[in-house]
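Using the hints provided, position chain B relative to the given structure of chain A.
Quick mapping for you: the protein sequence lines, in order, are chains A and B.
Under numbering that gives the first Met the number 0, the first sequence is numbered contiguously, ending at residue 79.
Under numbering that gives the first Met the number 0, the second sequence is numbered contiguously, ending at residue 244.
Just so you know, these hints were derived from the structure itself, not from any lab.
Be a bit skeptical, because a hint or two may be false.
[To be verified] Under the rule of at most 27 Å between Cα atoms (straight-line distance), these lysine-lysine pairs were calculated in the DSSO-like manner:
1. Lys6(A) / Lys71(B)
2. Lys68(A) / Lys66(B)
3. Lys36(B) / Lys68(A)
4. Lys132(B) / Lys80(B)
Quick caveat: nothing in here was measured; it's all calculated off a predicted structure.
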Amino acid sequence: MSENLEKYTNAFCQAFDIDADTAKGLKFQAIDAWDSVGHMGLVAQIEEAFDIMLEPDDIVDLNSYEKGKEILAKYNVEFA
Amino acid sequence: MLEGKNVLITGTNRGIGQAILKECAANGASVWAHARKETPEFVSLLNEVSEQYPAEIRPVYFDMTDKDAMKKAVMEIRSSKLPVDALINNAGMMHNASFQMSSEKALRDVFEVNFFATFLLTQYIANLMVRQKHGSIVTVSSMGALDGNPGKAVYGASKAALVTMSRVIANELGTQGVRSNCIAPGVIETDILQTMPESELLKAKELTPMKRTGLPDEVASVAVFLASDKSSFINGQVIRVDGGL
Chain A
0 MSENLEKYTN AFCQAFDIDA DTAKGLKFQA IDAWDSVGHM GLVAQIEEAF DIMLEPDDIV
60 DLNSYEKGKE ILAKYNVEFA
Chain B
0 MLEGKNVLIT GTNRGIGQAI LKECAANGAS VWAHARKETP EFVSLLNEVS EQYPAEIRPV
60 YFDMTDKDAM KKAVMEIRSS KLPVDALINN AGMMHNASFQ MSSEKALRDV FEVNFFATFL
120 LTQYIANLMV RQKHGSIVTV SSMGALDGNP GKAVYGASKA ALVTMSRVIA NELGTQGVRS
180 NCIAPGVIET DILQTMPESE LLKAKELTPM KRTGLPDEVA SVAVFLASDK SSFINGQVIR
240 VDGGL
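Isolated chain A, as found in the complex (with noise of 0.2 Å):
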């Protein structure tokens, strides 16, 4: 796994208390911590793994573990 893999999963696992094959895949509202609230958690998460700020849009838009990372990427966050 690459760093940035790990930074991010470990992002989930932070924010959801849960383990890295349950985060991956994961969905929104898919488990009861990925509320509306757990959501921000999961943005301080990601923000603070990769010194970023994230677009409200970007917030908004990310409903998945997968979807997270094709906005990563616009942040030059790369899983190569």
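Coordinates of chain B only, in the frame set by chain A:
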């Protein structure tokens, strides 16, 4: 009232914003003082406030309609690792025209500054407040938002939109320690008053039970109160500062 607090205030170069800056500093707050750009007058103002009060005054420059500049400024504030204890949304632009004489361009320009830019900045700062689990958002609206005053179709609508924004924040973020309130100033003695038709000004004074216009300081003191913990159970309100108009 604000000892140890860090407050971000927009539009502090003149009028009500300048009064809020001084009142916050006088009450012990450290202030991020926003202005559109650095000018000798603004630098002089900040030096004057810094010399008069022990609080730290940090200038923040960006055009409210420049999203990139705004984001950069917020990132710098976040990088400081200081909590943003209060955000006072004051920056705005006045517009006077009757409903039927209000152009689409004016509508878009006024909403761009008064509502869209303020909304975006508030989103950014509210995210920080949620993380720190506390914060007070104070938004300067207007009696024009509430009363439908003639000549205020565009301006009043933009300020009414802010009232709705503020109330939604109050409802959504209250459980996360973030309060949100509005101030609705009446006719206040600022530069903006120069744009008000004389007849309208005289009528406003006559209608006001106190028979006078308000002072920027009289708005600023309410802003400081709402920003402070003294108003810890006040949330989702619009407080008129209009002499009873």
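Results for each hint:
| no. | hint | result |
| --- | --- | --- |
| 1 | Lys6(A) / Lys71(B) | holds, 24 Å |
| 2 | Lys68(A) / Lys66(B) | holds, 23 Å |
| 3 | Lys36(B) / Lys68(A) | violated, 36 Å |
| 4 | Lys132(B) / Lys80(B) | holds, 14 Å |
Hint violations for this structure: number 3 only, all remaining hints satisfied.
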